[in-house]
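Chemist: Starting from the known structure of chain A, fit chain B onto it as the hints suggest.
Chains as they are written, first to last, in my numbering: chain A, 1 to 263; chain B, 1 to 118.
Any given hint could turn out to be false.
[Said to hold, decoys possible] Quick list of in silico lysine to aspartate or glutamate cross-link-like pairs, EDC-like style, CA-CA up to 16 Å: (1) Lys38/A <-> Glu3/B; (2) Lys73/A <-> Asp198/A; (3) Lys38/A <-> Asp100/B.
Just so you know, these hints were derived from the structure itself, not from any lab.
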Amino acid sequence: MSEETMPEHVTGAEQIGLSAREAKAAVQPRDAGNWAAKVERLAVEQRDGVRGTNVAGRRLTGPVQGFGKMWEKTYTLNAGQVTTPQDAIATWKAHFPEFWPKGNRFAGALAGISPGDVALLDLAIGGGVKLSTGVFVLYADQESFTLMTPQGHMFAGWITFSAERAGGATTVRAHVLMRANDPLYELGMTFGGHAKEDRFWAQTLTALGTRLGVPDPQVQTRSICVDSHRQWRHAGNVWHNAMLRSTLQTLTAPLHRRSRPAA
Amino acid sequence: MGEPAVVMDVRQAGGSMAVVDIKGDVTAACEPVLMSAYEEASGGGAARVLLNFTGLEYMNSGGIGMLVTLLVRAGRQRQKLAACGLSEHYREIFELTRLDEAITIYPDEASALADAGR
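Excised from the complex, chain A in its bound form (with noise of 0.2 Å):
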């Protein structure tokens, strides 16, 4: 009779019959399938509707890696007792761009709000330019997802979406934190910028507050300056601007026409 010897280095999975890549799952954080993977530069497709521009290739910002002072800002709304956090954010996911104000596209997948997602926006910033930028799907679950900006875009941070009950009631919320890119669109949110933001949100807030059957939707508003350094060694960022590089793109969209050869 031969007795069967353990090798030494067996691992508690490998003895009920696991491979190491099962194990390696089996042992998978609660919040593993919420992240996206991990990326050092954005990739992304053509999309109709949108210019497309200054996304492919750029690295993703976040509020260490911005110019300005950091700000976090928190618009809310109460939701009413009737839907759940969960209804209230399958619905801003599956809905996300007709939410945002007139004149604004988001192009997003065709799944809707994943992680690991790619959305292309044109912003309307006023004398028939778009400022062509994106967002990256950095986290999403049943009740909040999370969306981080590339180099280039206004803001270099993050803003979450999420819905809560609390008091018998759902609350939604979108909460910002970020930094001004560059000098220049640091310039440009301390003269207005903040307020159109502000806007910007409580509209969004508001149209979905009314898709979800709010009677009479009211946003509040919190801004908080987190930090009032501006991080000069961040300044540099300006290269990337993707509000000069969009109204270039739109100065010389005419010559490029011009010089392409007829179909």
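Modeler: Only chain B this time, still in chain A's reference frame:
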């Protein structure tokens, strides 16, 4: 905001470094717990605060946002913020959000202590 499902214990590790052992879920709901732990860690005059994530079970984007806020507070006090014990999954999240450019990541507490002692 829900109840925080996290425990944070503070201890001094020598070399003017304080360690915050984080066990449980890191979400925006645990901000008061983290800030309280940070104040306790700073109370001893620590020049460096090490966040030990060995017991981390869950983190959402609210948790990452809270770490950015903590980073600002630490910066005001001219303290260095470091992290250790991150699993590969959470390390990748730090890299994805580029928090690793401001929070030094060590594989374990011993490496952080060795670096602080240099």
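Chemist: Run every hint past the structure and note whether it holds.
Modeler: Tested hints:
no. : hint                 : result
1   : Lys38/A <-> Glu3/B   : violated, 30 Å
2   : Lys73/A <-> Asp198/A : holds, 9 Å
3   : Lys38/A <-> Asp100/B : holds, 13 Å
Hint 1 from the list above is the single one not met by this structure.
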